[in-house]
Amino acid sequence: MKILVCFKITADLDQLSQKDYIADTSMRIDTSFVKNMINCFDESGLEFGLRLSQEAESLNLYNEKSALTVGGDKTEIYLKTLNALKYDNAIRIDCDADITFNPKFTGEAIAEYVNKNKQDIIIMGCQAPEGNNFSTPQIVSNILNIPMVANVTDLHLVGENSVKATVESGGNVYEYTVKTPAIFVMGNAEVSKLQVPTLKDRMSFGKRDIKYFELNNCEYGENQSTLVSLEPIKRKRSGKIVSLQGKEAVKELYCEYLKERLDNI
Amino acid sequence: MKILIVMQVYDEFSLLDNIKKYNSILNFSFMENVKTECAVFSEYNFSTNILEKYIQNKVYFRAIDCIIPEIIKNDIENIQNKENYDGIIILESSMSNYVAVLLGEKLKYNYVTNVVDFYRNENGMYFKRFSYNNNVYSTFEIKNKPFIVSLKMIKNSAIKNNIDIPNIIEIENKNIPDFIIDKNIIKRADIKENSDILIVAGKGVKDKKSVEKIRQFAISKKFLFGVTRPVAMNGWGKLGEIVGVSGGIYSPKICITIGVSGSAAFYVGIENSDYIISVNSNDKAPIIDMSDVSIIDDYENVIDDLFNIFKIC
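These protein sequence lines map, in sequence, to chains A and B.
Each residue of the first sequence is one higher than the one before, starting from 168 at the first, in the numbering used here.
Each residue of the second sequence is one higher than the one before, starting from 60 at the first, in the numbering used here.
Derived from the structure by calculation, the hints contain no laboratory data.
Nothing here was measured: the structure is a model prediction, and the numbers come from that model.
Careful: at least some of the hints might be erroneous.
Said to hold, decoys possible - Think about it this way: if two alpha-carbon atoms lie no more than 27 Å apart in a straight line, the pair counts; the simulated DSS-like pairs of lysine-lysine are:
hint	chain 1	residue 1	chain 2	residue 2
1	A	414	B	117
2	A	418	B	141
3	B	280	A	360
4	A	403	B	94
5	A	186	B	343
6	B	265	A	360
7	A	186	B	211
8	A	403	B	312
9	A	401	B	187
10	A	169	B	262
11	B	61	B	272
12	B	141	A	407
13	A	283	B	165
14	B	246	A	414
15	A	331	B	246
16	B	211	A	418
17	A	403	B	242
18	B	312	A	401
19	B	297	A	414
20	A	407	B	265
21	B	94	B	141
22	B	141	B	262
23	A	418	B	370
24	A	418	B	297
25	A	414	B	141
26	A	401	B	117
27	B	262	A	283
28	B	165	A	401
29	A	426	B	272
30	B	167	B	117
31	A	407	B	242
32	A	414	B	61
33	A	331	B	297
34	A	285	B	297
35	A	253	A	360
Stated by the list, open to error - Every beta carbon over 10 Å from chain A, so not counted as near; a handful from chain B, in silico:
hint	residue
36	116
37	139
38	199
39	253
40	308
Cβ atoms here follow ideal geometry from the backbone N, Cα and C, with glycine treated the same way.
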């Protein structure tokens, strides 16, 4: 059984203030000075990749787990961590172009990899915070003609060829038993944090080579729709602060600001 | 231009919500001189008389066990092959983005997800959505039809009665994709209160017990209750209670945030509120500038008195 988890390294945008969101003339926002992190939905996916692998072992199923990212040098440290967590393959696909708003390229790159390295289970996050495109898993699904299960919040192996996926949709919770190969798109899962490798595992496994996958068929091309503007959103309100504290603050809030509003409800 | 509007209905609340959003969209300038028809996919068992009362022209209807993007994509593809719409607009739901992109890729149409506003002029069609963790509006141009968009955060509009009764066509294809061996619903959504007041607990509410206290107060007053994503990920709140871009979007008359720092991803969930009150011990928290009024204090010092105000409502 082959498990592939796709992940993205993004800037930790919570570190930016409103005034940092100014686009340059080529419609890019500079986030290079901000600390990086694994996209939170993908981090869930990577943890599930490890857990499914453990479940496969307990079912005496051979399994191989791989982690793949499309990015540059900033991905290196994370791939080493995934090696230390005993991912069998930590793979990097390089791309110099800005693909923030080009999920098509990312999707095609992943699909090219999978076409050469068949997978049974592909796990991807639903979106990443920069582009917010919400598209890459669907693009991969369409190119590979592999079905997709969306908004997954939990995953368990049922057997060699099937997975049980818990899905949240419209506030309802469903359980699907799904035939593989399939793509599982992570939503808001309670399992949200990736394990931390031990120092021993970092020394033993962390130094294994990272694999580089060269794209042959995938070119940075046009997206379906053209980005024409980026404008920062101003969200200021009156920002009044009650002058007092404790019980007196609540009294002031009620008398000065709330009474009339509550009377009208 | 002829456009198909797609609704996904889970329960009574989402049926009414979809109809209000449908009415709202019809008032967009983009929709001037546009003929609209609808496709409704519903897990909720309701009489199609409701559709006759509120939806114009033609309605394709399918009662469905589970709203799965693959099923909706296949059905809309069949409808599109017959009707040749210039555009397909998918109203907001948990699955709308998935449907839009699967359909767009399959049919090789231009698409944009999570659209919050759209307009057109002599140069083209323009679709605006959030990017950079909801701190930036990005506007995309689509020059050629057909197009597909999935919507997000469109404000509701009052429901209007129809003059003419539409033609309701039941979708005959009842297949479930064969990659699903088995399916069960294991939990239904909590019934949403129709309240003008929303209370949200953030990570500044220091523990699960305190979140529960706030939740129980909201339930006792039939207020809406939500949590921020970090609170839910900590296991202090339910995933279905998340407020923000990856959860619920609300527009109450009054929103009270307690211990919420105010990330853009969260704020999207409350920014249509008429009035926002925040309680936070940090006067530099982003939520302060984005609120109408704030109390700068530890929530434990004010929460009981704050609840007492609302007990008399």
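Hint by hint, here is what the structure shows:
1. A:414 x B:117: Violated, at roughly 58 Å.
2. A:418 x B:141: The hint is violated at about 64 Å.
3. B:280 x A:360: 35 Å, violated
4. A:403 x B:94: Distance ~38 Å between residue 403 (chain A) and residue 94 (chain B) Cα, so the pair is violated.
5. A:186 x B:343: 15 Å, holds
6. B:265 x A:360: With Cα atoms ~20 Å apart, residue 265 (chain B) and residue 360 (chain A) stay inside 27 Å; holds.
7. A:186 x B:211: 25 Å, holds
8. A:403 x B:312: OK: residue 403 (chain A) and residue 312 (chain B) at ~18 Å, within 27 Å.
9. A:401 x B:187: 15 Å, holds
10. A:169 x B:262: 38 Å, violated
11. B:61 x B:272: Distance ~51 Å between residue 61 (chain B) and residue 272 (chain B) Cα, so the pair is violated.
12. B:141 x A:407: This hinted pair is violated, its Cα atoms lying about 56 Å apart.
13. A:283 x B:165: Status holds; Cα separation ~22 Å.
14. B:246 x A:414: 41 Å, violated
15. A:331 x B:246: Holds, at about 16 Å.
16. B:211 x A:418: 38 Å, violated
17. A:403 x B:242: Given that 27 Å is the threshold and the Cα spacing comes to 45 Å, the pair is violated.
18. B:312 x A:401: Measuring from Cα to Cα gives roughly 21 Å; hence the hint holds.
19. B:297 x A:414: Answer violated: residue 297 (chain B) to residue 414 (chain A) is near 31 Å, above 27 Å.
20. A:407 x B:265: 25 Å, holds
21. B:94 x B:141: 16 Å, holds
22. B:141 x B:262: With a Cα-Cα distance of about 51 Å, the restraint between residue 141 (chain B) and residue 262 (chain B) is violated, given a limit of 27 Å.
23. A:418 x B:370: 14 Å, holds
24. A:418 x B:297: Judged against 27 Å, a Cα distance of about 32 Å means the pair is violated.
25. A:414 x B:141: 66 Å, violated
26. A:401 x B:117: 40 Å, violated
27. B:262 x A:283: Status violated; Cα separation ~45 Å.
28. B:165 x A:401: 37 Å, violated
29. A:426 x B:272: 24 Å, holds
30. B:167 x B:117: 25 Å, holds
31. A:407 x B:242: 51 Å, violated
32. A:414 x B:61: With a Cα-Cα distance of about 59 Å, the restraint between residue 414 (chain A) and residue 61 (chain B) is violated, given a limit of 27 Å.
33. A:331 x B:297: 21 Å, holds
34. A:285 x B:297: 36 Å, violated
35. A:253 x A:360: 16 Å, holds
36. 116: Non-interface label on residue 116 (chain B) holds, nearest chain A Cβ at 26 Å vs cutoff 10 Å.
37. 139: 16 Å, holds
38. 199: Its Cβ does come within 10 Å of chain A, the nearest being 4 Å, so this is violated.
39. 253: Its Cβ never comes within 10 Å of chain A, the nearest being 12 Å, so this holds.
40. 308: 13 Å, holds
In this structure, the hints that do not hold are numbers 1, 2, 3, 4, 10, 11, 12, 14, 16, 17, 19, 22, 24, 25, 26, 27, 28, 31, 32, 34 and 38, in rising order.
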